[in-house]
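Taking the hints into account, I'd like the entire structure generated from these sequences.
Sequences listed follow chains A and B, in order.
For the record, in the first sequence the residue sitting at position 123 is 298 according to the numbering used here, with numbers rising by one throughout.
For the record, in the second sequence the residue sitting at position 50 is 225 according to the numbering used here, with numbers rising by one throughout.
Calculated from the structure, these hints are not laboratory results.
Any given hint could turn out to be false.
What the hints assert, rightly or not - Quick look at which bits of chain A chain B covers, simulated, 3 or more residues with Cβ under 8 angstroms: (1) 393 to 404; (2) 428 to 436.
Said to hold, decoys possible - Beta-carbon label-pair distances, calculated as ranges: (3) Ala331/A <-> Pro229/B: 51 to 61 angstroms; (4) Arg341/A <-> Leu271/B: 39 to 49 angstroms; (5) Arg450/B <-> Asn458/A: 50 to 60 angstroms; (6) Gly251/A <-> Thr270/B: 54 to 64 angstroms; (7) Glu231/B <-> Leu401/A: 44 to 54 angstroms; (8) Thr270/B <-> Leu401/A: 30 to 40 angstroms; (9) Ala331/A <-> Pro192/B: 20 to 30 angstroms; (10) Lys340/B <-> Asn458/A: 38 to 48 angstroms.
Idealized CB from N, CA, C, for every residue including glycine.
Protein chains: 2
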Amino acid sequence: MSLLTIGTVAFDDIETPFGRAERVVGGAATYISLAASYFTPAVQVVSVIGDDFPTETLDDLRRRGINLDGIQVKHGEKSFFWAGRYHNNLNDRDTLDTQLNVLADFDPVLPEAYTNADYVMLGNLTPAVQHRVLDQLKVKPKLVALDTMNFWMNVALDSLLEVLKRIDILTINDEEARQLTGQHSLVNAAEAIFTMGPRFLVIKKGEHGALLFSPDNVFFAPALPLAQVFDPTGAGDTFAGGFMGYLASTDDLSFDNMKRAVIFGSAMASFCVERFSIERLTNLSRPEIDQRVQRFADLVHFTR
Amino acid sequence: MSLLTIGTVAFDDIETPFGRAERVVGGAATYISLAASYFTPAVQVVSVIGDDFPTETLDDLRRRGINLDGIQVKHGEKSFFWAGRYHNNLNDRDTLDTQLNVLADFDPVLPEAYTNADYVMLGNLTPAVQHRVLDQLKVKPKLVALDTMNFWMNVALDSLLEVLKRIDILTINDEEARQLTGQHSLVNAAEAIFTMGPRFLVIKKGEHGALLFSPDNVFFAPALPLAQVFDPTGAGDTFAGGFMGYLASTDDLSFDNMKRAVIFGSAMASFCVERFSIERLTNLSRPEIDQRVQRFADLVHFTR
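Printed below as a string of structure tokens:
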């Protein structure tokens, strides 16, 4: 099944307690599409870049089978840029700089071949742009997932609430779930979110794992305890890419299969954080991924 | 197998986003012994109280088979008192008042029958008092667990490091593990703690679950997503009581059995937080506990 994704393709400056990386490749759609490419061959990307973006990286993505026809290249303009510094705990970070550049007036245009996508992953962007993608679809997708963040809840809540009515799965972190619903308990937050549109909710808790809620079920996936978490940038997007890529490849929306998808997403995220930027996501093998999934199974396994 | 525990038996004033409770029964040894009493009939408590402590509560504990011969009653003195206010996230709290009272010059004295205890749970107290308990044991116990907190790392680190050499299992939270070792990664923190004495480490993460480390193994137990967390006070002690009570009752120190103990401890903690004080821990049934353990199993279960 095809998986359409939209999000940034960008540059990051990153400072973690373990080192610095300057002007490395980042962006939600970069991480999402790379992670998904390990599961489904038909990944389609909608984004916008300047002519400063390295063609080698685009070639790397194409070599992984990712369709980049939906990426607009704005000549004479610069790609989106974000600079951040992580605290010692790696769960908190400060934004040092944000340069919208090409993103400032981004109007996504879907190539004809994208307009009947089976699965859709709307990466974190202004809700108006997420709307614009859904508006161009000619066939109702089997599943639409949306990632967002507290920033959009603060500055574009109405538009965000409108787009939530059009999607099936929302992926946010625990604090965002609380902010969006005013509920402290994640069980109650999930219930409130189901009245807003989505049928499923994934709550990403970083080093504390992830929760998958449906109206009738809940599943918890741990994060793997790692000796070295080098750079958390992109972990949430990598999770989403693995999750949606696995669903698109299996085309099975039973809760049991969605649980597996959460574990595959978590496994991909655990690779992502081991190196700066997309380094760890460009040359994985399926046996490596399966081995890591086995570690997730072992980590929580007990007998009565 | 017998389980000896030491800790406070005390009063708490508690404020949570869901209400207030004034001068309710609390204390580490209260929670530990109650939780353990559901698994092993031979729970022995060492503590100190003033004559203001309600005899009805002591009777409740005795009715659950708990041996209180090791509780000193100081006439004309007051029991230990703690007042705290939880933040909206329930994971952080401010201490509003601490009155040591009888705890100020507490010198624990073990009744003769306690001195050959099989299992020992040293609740959070000044490390000097934890030492004094170990000094009075006539037979080396099968397993000694110790709970402590950041406060003792700040004011009594040397004494704490000495007592760590004498124990088998340390239970602390994630921030304390990082403070004690200077390691951010919990994997590396565990490795560092194993060089300090303990053979096992339990990292309590509250609503994010718990990790059990041995030098060769790691196990993760989630926390149950609850619609209502009323009062987190005593959850860590209740966990420790369920964990050690289960180990004492099964007398099996294989890693597989310790995993089960972590789950039973987590299940007991999930009951604790549903009500103020010890209310939920006084009248549970074993089928209720087993049912809750099944929910933990279901929560993380997935098939490849």
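44 to 54 angstroms as the expected CB spacing between Leu401/A and Glu231/B, which holds or is violated: 49 angstroms, holds
Per-stretch coverage check for the stretch 428 to 436 of chain A, three Cβ contacts closer than 8 angstroms to chain B: Since 3 is at least three, the answer is holds.
8 angstroms C-beta criterion, at least three residues: is the stretch 393 to 404 of chain A covered by chain B: holds (count 10)
Ala331/A versus Pro192/B beta-carbon gap, inside 20 to 30 angstroms or not: 28 angstroms, holds
Outcome of range test on Cβ distance (Thr270/B, Leu401/A; 30 to 40 angstroms): 33 angstroms, holds
Cβ distance range 54 to 64 angstroms for Gly251/A and Thr270/B, holds or violated: 59 angstroms, holds
Satisfaction of the hinted span 51 to 61 angstroms by the C-beta atoms belonging to Ala331/A and Pro229/B: Once the Cβ atoms are compared, 55 angstroms apart, the range 51 to 61 angstroms for Pro229/B and Ala331/A holds.
CB-CB spacing for Asn458/A and Arg450/B relative to the 50 to 60 angstroms hint: About 53 angstroms separates the Cβ atoms of Arg450/B and Asn458/A, which means 50 to 60 angstroms holds.
Arg341/A paired with Leu271/B, Cβ distance criterion 39 to 49 angstroms: 47 angstroms, holds
Beta-carbon spacing of Lys340/B to Asn458/A - inside the hinted bounds 38 to 48 angstroms or not: About 46 angstroms separates the Cβ atoms of Lys340/B and Asn458/A, which means 38 to 48 angstroms holds.
Consistency with the previously given hints is maintained throughout, with no hint failing.
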